[in-house]
Amino acid sequence: MEVIHFMVNNAARCFQLTLEHLWIVGVACTLAILIGVPIGVAITRSKSLASKVLNTANIFMTTPSIALFGIMIPILSPLGYGLGQVPAIVALVLYSQLPIIRNTYVAIMNVPPELVDAGKGLGMSSWRRLREVEIPLAVPVIIAGLRTAAVMSIGIAAIAAYIGAGGLGVLIQQGIGRAYAPMILSGAILVSVLAIFVDGFMALLERLVTPKGIKVGRRMRHG
Amino acid sequence: MITYENVAKIFGSGPEAVTAIKNISFEIEKGNLVIFLGPSGCGKTTLLRLTNRLITLTRGTITVNGQDVMKADPVKLRQSMGYAIQQIGLFPNKTIADNISTVPRLLGWDRKKIQERVGELLAMVQLEPAAFRDRFPAELSGGQQQRIGVARCLAANPDILLMDEPFGAIDPINREEIQNEFLRLQRKLKKTIAFVTHDIHEAIKMGDKIAIFQDGNLVQYDKPEIILAQPKNQYIADFVGADRALKVLGLLRVEEVMDRNPSNVVDGKTSANEALKFLEDKGFRHLVVLRGGKAVGYIHPRQLKYETSPVQDLAIAYPVRVDEDMALRDVISFMLMHDMRVLAVMDGDGNFAGTVTYDQIQKRILEMYAGEDEKKPAKDQE
Ligand SMILES: Nc1ncnc2c1ncn2[C@@H]1O[C@H](COP(=O)(O)OP(=O)(O)OP(=O)(O)O)[C@@H](O)[C@H]1O
Ligand SMILES: [Mg+2]
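If you read the protein sequences in the order shown, they are chains S and C.
Numbering follows numbering that gives the first Met the number 0, with no gaps: position 24 of the first sequence is 23.
Numbering follows numbering that gives the first Met the number 0, with no gaps: position 356 of the second sequence is 355.
Hints were generated in silico from the structure; no laboratory data involved.
Beta carbons: idealized from backbone N, C-alpha and C, even for Gly.
You may find that some hints are simply not true.
Stated by the list, open to error - Below, in silico cross-link-like pairs of lysine-lysine (BS3-like), each with a Cα-Cα straight-line distance of 25 Å or less:
#1 C:Lys93 / S:Lys214
#2 C:Lys93 / C:Lys204
#3 S:Lys211 / C:Lys93
Stated by the list, open to error - Listed next, the stretches of chain C that the computed footprint assigns to chain S, with coverage defined by at least 3 CB atoms under 8 Å from CB atoms of chain S:
#4 83-96
#5 100-107
#6 118-126
With the rest of the complex left out, here is chain S (with noise of 0.2 Å):
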């Protein structure tokens, strides 16, 4: 009852932390895609390169987030962006890049081999190949790895109200400093509201990316 009250008395700066929150987690989800998916069609060409790469996308993924956070702030510092949102976006960025690599290159990888040989068998080139063929493929599963992104951000981008980065971690930070539940609550419901919202908005996407064809299958398969 106290935190609906909360939220009503406070419901401009509510909406005003919210949007910081998902604009943070909207520019590390744009980064992390322009970055991650580039880097999992490159490792396709090569396994020795992709289980190096793969792996050090996991270390950076079961850092502790208030761990990675506290080791941007002296790496970041001497550019002048040790505190602030400049840092959360880099740790956001680097927590994405597993799932959105990880499921770029099992996508491609898990292009059937017979499709591939076609195309190359009738003189397509490999990025012709890759824009044309595998690309399509793979882009609802890459939407996939960006979902669990998403959502994985949302909730890691609380805690980087600690490092200045506002969002809505700062009602949750401030609530413990006070010692305040109802304010402490309703950061956590609004984040877990956004997280839902964000799963929902990314479930829809993914059946908007899946090319007609696919869907024709499946329905086929599934009468």
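Fit chain C with the ligands to the supplied structure of chain S, relying on the hints for placement.
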């Protein structure tokens, strides 16, 4: 023209190495359709894929129209030849039209030309263009998909085609039609084709020449009738089947054995007793009765006894029509069914062109198999 010179392919290395092609040399002449025939795993697909450089030669040289494939730009090389892959491999995210037009789009044809070409090719593979153009591969049956694969391989009208069991998934009736359509086209366009099949009937019907492989070796490379008549060893004899004399009959046409000027013919107005005298003088067992250049039927002496009317009123009509380009296999079948040893042959206008007899057919078969007994002792070849 495609030439293979001491071609060998070994997959992998060390203890796991698989020798798929041992040491093969032969040549596919320009304008010929050559069948690659042999049991599973003998290296047919491997040889095709070496030809368009999907895999790399271990030893030897392959040239296509004089150019060494290992020195060619692989993308250009492949665009210059059609390829129908054994697994069909249609792109599931593309419509049928886009699948078919893959190579024309790579070559930058304009949209209108591509559209026309797609329509033409769909009709060629016996699929209604309007109904199939915008569908997706998942909405087609296996046989229909395979026909699209064939259309895709022909799309940019390449001089050279590599086709890996292109009709394998198509039902017998449609396969027969597509084979015929394909042959008709091939007679006109004279492409150089390497065509893989498991099906000996298809091989005999389609091939200008047949290359038979066994365990990565080329065992025999000859015209179909020679392979049927003179199989090089027991392996090939077994492969082509015990009924190979019948298969040869499927290849031979009436015009190759028929008698164009038979003397046992009689004009329809001749009276029965005159005809009977003619028969007895010459010792014929029957006569073909003609009227106005057409064969109205045949007569034999028993019918003519005590008759005086013109023979055309007595003639028994032939039960079947035999054309000059009919396969001897069908003629023999008629002869067996109707218990006749002689049939009249008609030309394209339905006029009498001559006769074909059981004895002529048998003589021809015996000629083809003459000397087989000396050639066949498989023991000293193995
Ligand atoms: N990429 C590969 N790696 C290792 N071995 C291979 C490879 N491709 C083919 N082989 C082997 O080479 C041999 C010839 O295979 P190929 O595919 O050419 O046979 P095929 O005559 O086309 O058979 P099918 O009629 O079953 O299609 C087989 O023993 C096969 O296992
Ligand atoms: Mg094969």
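Results of checking the hints against the structure:
1. Note on C:Lys93 and S:Lys214: the hinted pairing holds, with a Cα-Cα distance of about 12 Å set against a maximum of 25 Å.
2. Our distance criterion of 25 Å between C-alpha atoms is broken by C:Lys93 and C:Lys204, whose separation comes to about 34 Å.
3. Our distance criterion of 25 Å between C-alpha atoms is met by S:Lys211 and C:Lys93, whose separation comes to about 8 Å.
4. Coverage of the region 83-96 of chain C by chain S holds. Counting CB-CB distances below 8 Å, 10 residues qualify, and the rule asks for three or more.
5. Counting residues of the region 100-107 of chain C whose CB lies closer than 8 Å to any CB of chain S gives 3, which reaches the minimum of 3, so the coverage claim holds.
6. Under a criterion of three residues with beta carbons nearer than 8 Å to beta carbons of chain S, the stated coverage of the region 118-126 of chain C fails, only 0 such residues being counted.
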